[in-house]
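Trainee: Listed below, chain by chain, are the residues.
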Amino acid sequence: MSGGSARSLAKGSAPPGPVPEGLIRVYSMRFCPFAQRTLLVLKAKGIRHEIININLKNKPEWFFKKNPFGLVPVLENSQGQLIYDSAITCEYLDEEYPGKKLLPDDPYEKACQKMVFELFSKVLTNKKTTFFGGNSLSMIDYLIWPWFEWLEVLELNDCVDHTPKLKLWMAAMREDPAVSALLTEPKALRGFFNLYLQNSPEACDYGL
Amino acid sequence: MRFCPYAHRTRLVLRAKGIRHEVININLRNKPEWYYTKHPFGQIPVLENSKCQLIYESVIACEYLDDAYPGRKLYPYDPYERARQKMLLELFCKVPHLTKECLVALRCGRKCADLKLALRQEFCNLEEILGYQNTIFFGGDCISMIDYLFWPWFERLDVYGIADCLNHTPALRLWTAAMKQDPTVCALLIDKNIFLGFLNLYFQNNPDAFDYGLTC
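Top to bottom, those sequences are chains A and B. Note that the first sequence covers residues 1 to 208 in UniProt numbering. Note that the second sequence covers residues 1 to 216 in UniProt numbering.
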């Protein structure tokens, strides 16, 4: 399994060759949360795969032949079959490959997981209004904001192609007096997070 | 609700698979309070079984029925073919919104040339798929889940007054003709006059719109 740390392919790059037998290829980007879904499933199921990272800010022309929407993740197998959309790739892998099933067998339990996912996706895409509660900022935006501040700090927000409305929301939130007054310095958050992961009792006082 | 395209999907699958079911129609303009215990936002369709399990979101409900009930499988067995049908659904995702916007614009006396253009573009994308596959239906030479998931909006093009959006898509027209031959689609076809009666009352904000055409 290779390629996770490889430089991304950009405009002008040569298209990759066919996928070798016994391997599945995933077109990805190191900081994309949607692509990370697919990588998680590949890992969890122990599926042999290779990773090709795509420069999402300067996409290779050939990439639109892999996915007309030009988004990652995309799976390509040795038969040249292409599967895109993060949720569809994950379900495909679960169905196609043996080993531990990640989706439940029971039809109702499976449907429940899909219903929760739909609700979560609605939060992510926030189609209708500028803020989550309507056209002005309200409680729900404050309740959700902390996790998105975290996403930015942990550099997981680079997939702006997927969710331009979310990017607009985040920008709007940053202009709110309460949000901007309490914005944590990215270095501090990162510092805290590192110590926290090491179970250090100093984590909570990082920077003081 | 008898005229809802999303609920129509679920009723098509129930019929296609021969699943015994009962239908409870909800007045969407005046929802019973208890209905919010079935769906947090009071939307339809919702399935409820004898174990009191609730399933909502039309696509999820349709897949649940295909998984849970025996007999004819509407989704293919092959994982790649299943994934293909789900990717096709993504290609379709702007159609419901555009058709509804056209309907509302026309009913409110507004022009909708831009909307119709956008809808035609979506239809062109679907036309390309049929051309590339060279099959009658979206899943192959036989009708399958994806066709039923698309159908309700195509059935409504005429009664919404936008059937001319299919003018430049011959394969799609062939597909709608083939769909109208399907016994399941046929059995659930909504009478045009009744649909128009519903639409007239609906746009007058008449709370009895949903029951238009019922004699009892």
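Read the hints as simulated data drawn from the structure, not as lab findings. Quick caveat: nothing in here was measured; it's all calculated off a predicted structure. One should not assume that every hint holds.
[What the hints assert, rightly or not] Pair by pair, the computed Cβ-Cβ distance ranges are: (1) B:Lys31 with A:Ile144: 25 to 35 Å; (2) B:Arg110 with A:Thr129: 38 to 48 Å; (3) A:Met139 with B:Glu81: 38 to 48 Å.
[Unchecked claim] Straight-line C-alpha distance at most 27 Å; calculated DSSO-like pairs for lysine-lysine: (4) A:Lys122 with B:Lys86; (5) A:Lys114 with B:Lys51; (6) B:Lys111 with A:Lys114; (7) A:Lys59 with B:Lys94; (8) B:Lys100 with B:Lys31; (9) A:Lys57 with B:Lys94.
Where is the CB? At the ideal position from N, CA and C, for every residue including glycine.
Trainee: Which of the numbered hints are not met once you compare them with the structure shown?
Mentor: 2, 6
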